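Based on the hints, put chain B in the right spot on chain A.
Respectively, the protein sequence lines represent chains A and B.
Under this note's numbering, residues 68 to 473 are what the first sequence spells out, in order.
Under this note's numbering, residues 643 to 784 are what the second sequence spells out, in order.
No lab work stands behind these hints, which were simulated from the structure alone.
Worth double-checking, as some hints may not be accurate.
[Said to hold, decoys possible] DSSO-like mimics (lysine-lysine), calculated; alpha carbons at most 30 Å apart, straight line: (1) B/Lys691 / A/Lys466; (2) A/Lys324 / A/Lys258; (3) A/Lys324 / A/Lys306; (4) B/Lys691 / A/Lys467; (5) A/Lys467 / B/Lys769; (6) A/Lys280 / A/Lys256; (7) B/Lys772 / A/Lys467; (8) B/Lys781 / B/Lys769; (9) B/Lys772 / B/Lys665; (10) B/Lys674 / A/Lys466; (11) A/Lys256 / A/Lys324; (12) A/Lys178 / A/Lys280; (13) B/Lys665 / A/Lys466; (14) B/Lys691 / B/Lys781.
Note that the structure is predicted; figures quoted are calculated from it, not measured.
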Amino acid sequence: MTAYSIERIREQFPILNQQVNNRPLVYLDNAASNQKPNAVVDCISNYYTSYHANIHRGAHHLAQLATEAYENARTIIANHLNAQREEIIFTYGTTDGINLVAQTWGRRNLKAGDRIVISGLEHHSNLVPWQMVAEENGCIIDIIPVLSDGTLDMVVYDQLLEKKPKLVAVNQVSNSLGTVNPIAEMISKAKNVNACVLIDGAQAVSHFEIDVKRMDCDFYVFSGHKIYGPTGIGVLYGKKDILEAMPAWRGGGEMIKSVSYQSFSVNELPYKFEAGTPNIADGIALGQAIEFVNSLGLNAIREHETLLTQTATQRLLEVPGMRLIGTAEEKTSVISFLIDGLHPYDVGTLLDQLGVAVRTGHHCTEPLMHALGIPGTIRASFACYNTLEEVDLFIEAVKKATQMLS
Amino acid sequence: MTIEQRQQEIIEEFALFDDWMQKYEHIIELGKELPVISSEFKTDDNIIKGCQSRVWLHAEMLDSGVVHFTADSDAIITKGMIAMMIRVLSDQAPEDIASADLHFVNEIGLHQHLSPTRSNGLLSMIKQMKFYSLAFQAKNNG
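In isolation and in its complexed conformation, chain A is listed as follows (with noise of 0.2 Å):
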C-alpha cells in the first residue's frame, strides 16, 4: 500500500485552498457534510456534458449510457455494503430513507401498544418520524439513556429488549458526540427477541468499511453528501424478503409494472421504491465517491483522523475551562466541547472569524442536549484531508476566542 499522503488527497479537493475572513480556511465541519473530491465533480459535470438522459426503458444511445451508468452505480454500492443489487434503494438521504422505512415497514408492521426502542442519542431523523408512525399507531417509543461519557446505557438496553420491542432503530456513530454504538453486539441482542433493526449509518460510512450481511441489520440508511458524495443522493439497504413485503411508498413512474385507470401493480426490487425521475447525476457521483475513498482505504483514512482527533484533544485540553462533551473510549473524529462560561454560538462566530468552520449549537440532537443538560455544543470534526497543521490553527483559534470572551 502506498502512503498516506496528505498533499496529493488536498489536491483532489481545491475548495479547501481559500482564504476566509483572509485566514487560510481550517474546515472543520466534516460531520455535517465533508468536501467533495475532483473525481465526484467532474462526474457530475461529465454526466450533463455528455451522456445526460433519462434512464431506464428509453430506446436510444444517450438513455442506455445514463441507466448503464446509474445502475453501475448501484452495483459498485452494493459491493461495497456487501448487499445485493436489489437490495439497494437510491433516496434523497439518511432522513428519507428512514422516513420510506417509517412509512412503509413501520405503518404496516406497527400496531397500537408495540414497542420502538430507539438510542439517546439519536439524529432527530431517526427520532421524528418514529414519532409520527407512533402518533397514528399508538405504538410507544423506549429511549436508550446516555450515559455522562456519551455511551449509551447498555443496561437499561437488555431491560427494554425484554419488552419484546418490534423495532431498534439507533446510529452505528453519534452525529454530535462521535460516539461508535457497539452495533455488533445491540443487532445480535435485537435478533434475539425477534426484533427488526434499522441502523442509522449516516456518521459511519467515511470511517467504516460496512458489511450489512455480517452486520446483520435488516435495514441500513446513509447520505452521499457524508461520504464526499452529492447532497440530495442516499442509500437504503434492506433485507430482500423485506423490501419485497413492504408496500411501495411513493406513487408515479418507474415503481410500477402495469397501470390501468383503476389500479397498479409495482415493479421489482429496488425500482418499487424509486418513484419518479431520479437523481441520476447524484446517483452515479455517488459510485465516484465510493470508489474514493476505496481508493484510499478506509482503515487508512481512519488512521489518520485518529491522529488528528487525539492530537486535538489533548491539545484542547491546554484551553483553561475546557470540558470534553462525549469521552467514549470508541468514537469517531468527532469533537465536542464546551468552554466555561461561554457560549457555544460566541465561540463559534468569533471562530469563523479567524478561519476556522466548526458547528454549534445542538446539532439536531436537542433531547440529547436536554439530557446532557447543556444548551449545545462546539463540534470539531476531522476528515481524510485535514492535516495537523490545521490542528494547531484550530487550536490556536480556539484559545485566541476564548481570550477574547472571558
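Relative to chain A, chain B alone:
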C-alpha cells in the same frame, strides 16, 4: 436623537476600528455593558427562540409616547448586537420604530448576524420590536 442619527453615530464609531478583532472586542464590550433586564421580564413569555442563542425582549410604552426596550441574551455577541439595536430603536416613537430601516448593520459589516442561517434570534428580535411598536401604535390610535 432620531433613529437615523443614532445609526450614523454607530457607523462613525465602527469606522475607527482597523480590523475585525477590534470590532468584535467592541461588540463584546457593548454586550457586557447592556443594562440588565429586570428579572420579572426575563420570562418564557418574553423569550425569542433562536436555534442557538436565546433572546429575551421586553417592551413598554412610556407616558411620553415612546417605546422603551430592555433585552438580554445568553450569548455575549448576540447581546452586543442587541445593545446596538436598543441604542437605535429604544425610546423612539412607535411609528418610527415600525418603519425603521436598520442599514447600519450592513454598513458596519455585521449583516451576517442577521442572516436567517445564524439562528441567533436577532432577526426575530427586530421583527418583534417592530411588532410591539405596531401594536402600541394601534392601541394609541384606537
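Here is what the structure says about each hint:
1. B/Lys691 / A/Lys466: holds (29 Å)
2. A/Lys324 / A/Lys258: Violated: A/Lys324 and A/Lys258 sit about 34 Å apart, past 30 Å.
3. A/Lys324 / A/Lys306: Holds, because 21 Å separates the two Cα atoms, which is no more than 30 Å.
4. B/Lys691 / A/Lys467: holds (28 Å)
5. A/Lys467 / B/Lys769: This hinted pair is violated, its Cα atoms lying about 33 Å apart.
6. A/Lys280 / A/Lys256: Answer holds: A/Lys280 to A/Lys256 is near 16 Å, not above 30 Å.
7. B/Lys772 / A/Lys467: Given pair B/Lys772, A/Lys467 is violated - Cα atoms ~36 Å apart, limit 30 Å.
8. B/Lys781 / B/Lys769: holds (18 Å)
9. B/Lys772 / B/Lys665: holds (27 Å)
10. B/Lys674 / A/Lys466: Given that 30 Å is the threshold and the Cα spacing comes to 20 Å, the pair holds.
11. A/Lys256 / A/Lys324: Given that 30 Å is the threshold and the Cα spacing comes to 39 Å, the pair is violated.
12. A/Lys178 / A/Lys280: holds (28 Å)
13. B/Lys665 / A/Lys466: Between B/Lys665 and A/Lys466 the Cα gap is close to 18 Å, so the pair holds against 30 Å.
14. B/Lys691 / B/Lys781: Holds, at roughly 26 Å.
Hints 2, 5, 7 and 11 from the earlier list are contradicted by this structure; the remaining hints agree with it.
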